[in-house]
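Student: Here the protein sequences come in this chain order: A and B. First residue of the first sequence: 1, per my numbering; consecutive thereafter. First residue of the second sequence: 1, per my numbering; consecutive thereafter.
Note that these hints are calculated values from the structure, not bench results. Beta carbons: idealized from backbone N, C-alpha and C, even for Gly. You may find that some hints are simply not true.
BS3-like cross-link-like pairs, simulated, lysine-lysine; straight-line CA separation at most 25 Å [said to hold, decoys possible]:
no., chain 1, residue 1, chain 2, residue 2
1, B, 167, B, 178
2, A, 182, B, 51
3, B, 218, A, 182
4, A, 177, B, 167
5, B, 218, B, 178
On the chain B side, residues computed to face chain A include the following (Cβ under 8 Å) [as the list claims (entries may be wrong)]:
no., residue
6, 50
7, 53
8, 56
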Amino acid sequence: MQIMIEKLSLYFQFPFVRYALIVGVLISLSSSLLGVTLVLKRFSFIGDGLSHVAFGAIAIATILNLSNNMVLVVPITVLCGILLLATGQHTKIKGDAAVAMLSVGSLAIGYLLLNLFSVSANLAGDVCATLFGSTAILTLTMTEVWLCIGMSLLVIAVFLLFYRQIFAVTFDETFAKATGTKANIYNLLIAVIISVIIVLAMNLVGSLLISALVICPALSAMRVFKSFKSVILCSVVISVVCTALGILLAILISTPVGATIVTVDIITFGLFSLLGRMTGGKI
Amino acid sequence: MALLTCQDLALGYEGKKVVENLSFSVDSGDYLCVVGENGSGKSTLIKTLLKLMPPIKGQILTGDGLKQNEIGYLPQQTEVQKDFPASVKEVVLSGCLNRSGLGPFYSSGEKKLALANMEKLGITNLAKRCYRELSGGQQQRVLLARALCATHKLLLLDEPVAGLDPKATADMYQLIEKLNAADGITVIMISHDIGAAARYASHILHIGHQKPLFYGRKTDYTASELGRAFCLAKGDEA
Ligand SMILES: Nc1ncnc2c1ncn2[C@@H]1O[C@H](COP(=O)(O)OP(=O)(O)OP(=O)(O)O)[C@@H](O)[C@H]1O
Ligand SMILES: [Mg+2]
Numbered sequence: 001m002q003i004m005i006e007k008l009s010l011y012f013q014f015p016f017v018r019y020a021l022i023v024g025v026l027i028s029l030s031s032s033l034l035g036v037t038l039v040l041k042r043f044s045f046i047g048d049g050l051s052h053v054a055f056g057a058i059a060i061a062t063i064l065n066l067s068n069n070m071v072l073v074v075p076i077t078v079l080c081g082i083l084l085l086a087t088g089q090h091t092k093i094k095g096d097a098a099v100a101m102l103s104v105g106s107l108a109i110g111y112l113l114l115n116l117f118s119v120s121a122n123l124a125g126d127v128c129a130t131l132f133g134s135t136a137i138l139t140l141t142m143t144e145v146w147l148c149i150g151m152s153l154l155v156i157a158v159f160l161l162f163y164r165q166i167f168a169v170t171f172d173e174t175f176a177k178a179t180g181t182k183a184n185i186y187n188l189l190i191a192v193i194i195s196v197i198i199v200l201a202m203n204l205v206g207s208l209l210i211s212a213l214v215i216c217p218a219l220s221a222m223r224v225f226k227s228f229k230s231v232i233l234c235s236v237v238i239s240v241v242c243t244a245l246g247i248l249l250a251i252l253i254s255t256p257v258g259a260t261i262v263t264v265d266i267i268t269f270g271l272f273s274l275l276g277r278m279t280g281g282k283i
Numbered sequence: 001m002a003l004l005t006c007q008d009l010a011l012g013y014e015g016k017k018v019v020e021n022l023s024f025s026v027d028s029g030d031y032l033c034v035v036g037e038n039g040s041g042k043s044t045l046i047k048t049l050l051k052l053m054p055p056i057k058g059q060i061l062t063g064d065g066l067k068q069n070e071i072g073y074l075p076q077q078t079e080v081q082k083d084f085p086a087s088v089k090e091v092v093l094s095g096c097l098n099r100s101g102l103g104p105f106y107s108s109g110e111k112k113l114a115l116a117n118m119e120k121l122g123i124t125n126l127a128k129r130c131y132r133e134l135s136g137g138q139q140q141r142v143l144l145a146r147a148l149c150a151t152h153k154l155l156l157l158d159e160p161v162a163g164l165d166p167k168a169t170a171d172m173y174q175l176i177e178k179l180n181a182a183d184g185i186t187v188i189m190i191s192h193d194i195g196a197a198a199r200y201a202s203h204i205l206h207i208g209h210q211k212p213l214f215y216g217r218k219t220d221y222t223a224s225e226l227g228r229a230f231c232l233a234k235g236d237e238a
């Protein structure tokens, strides 16, 4: 125990570790907000697809040698998010196929481009880092840190501002439309926020593990709580705690950050499932 | 001017007509019952009135200062997600959305309105319960309370008693009648229950195959040959 604390306090003298923790907590907070909506609107698969798009975008940004990847990755992902949600809504099956095409396509093309044009000596390492976010969070530049903080705060602000609209549109879109809520605009808004979250979360856990980060806390909370508000609050708490715990653990036992966070998330899901069984959904 | 006037409407999906030549008007305080066979286009009419889909032909005029977002709606089947975590209170409150602005909270006035409507429908004790764990009849009441939060003028009800037991059905009809008579809310209701229609409604719209068969006062309907035949046929079924 003593050794652990010493080790931690040693690490916390490095600013990048502190930044990692702050950014990690903010990202997990904002990503958990929309987890419930994502699950309930059956958008989880779109989140997954978008994360692969983000991988493709990063590949392009890398070979273009951009100083800041985000400049390219954010717009591309948001655009694809809007496209997918706009087309996926009405034509269910075609939507699924479109997602599959887009996600696998961007993975393949991204990897191909990297192989063809990459200047990096350690290509496999780079790809692995983008896919699993092995150390990404610990190597953020100052600009990226501020960008992450800014975007997280933006997501949180938008969510709070439109909380009731998001509830109405998620719960019963037809009624919302019938009583004059512009459901399509809010669907678009949800698509944009989800895309931004995906890009954010990519920094934390890498593109393959994003879905877990976004969805696990929501699923855990839904096992135990029965109102929208309590589920959201609970998944925020779960997400933040798991991420903080995951980052600390990863530092202590030198494991990849993303995988550690997601593992903690999954263990929590197990615990909450048990808790849900025991309380029988009385809360 | 009437609250709602439909002129020579043709309804349908993607250019394919389901009903045409629909003309009728609803005055404030009316209780219009829409009857007709399965697939005759009753739900389609409601969806068109709600502007969820455009009419193929004709127009819908609103009067008496009725705004499009002041219509309460009880759907035939809610496309509510099966495992959605929402408390009854949250669902009822969401009906207030059309009258409020942005931000995470409802105003105290809106909360009061929601409470009053829950009181009216006798679901105050369910407030904290999870919506998806209620019985069909209870859910129906919750959705009606939500619809009441969205309007104090016009309610569109698509088979509000479908799936309810006789007692709950009677209760539901009485509630709706009270809303119409005591609170002066105009009601347009779809029902397969011609007995109830004949009992509670002030006007009847009978939609047949592709065209309306009757529109007018209930007393004229029950006196007409069509009405008697329809009532009799239904009576035989029962
Ligand atoms: N989304 C849709 N797309 C295409 N056609 C539809 C759609 N919904 C309904 N229809 C068709 O329109 C016709 C009228 O349907 P509608 O739901 O209005 O009937 P209804 O009178 O409400 O019947 P019920 O008593 O069973 O509720 C039916 O023939 C149906 O097949
Ligand atoms: Mg119908």
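Student: Hint by hint, work out which the structure violates, then give me just those numbers in ascending order.
Tutor: 3, 4, 7, 8
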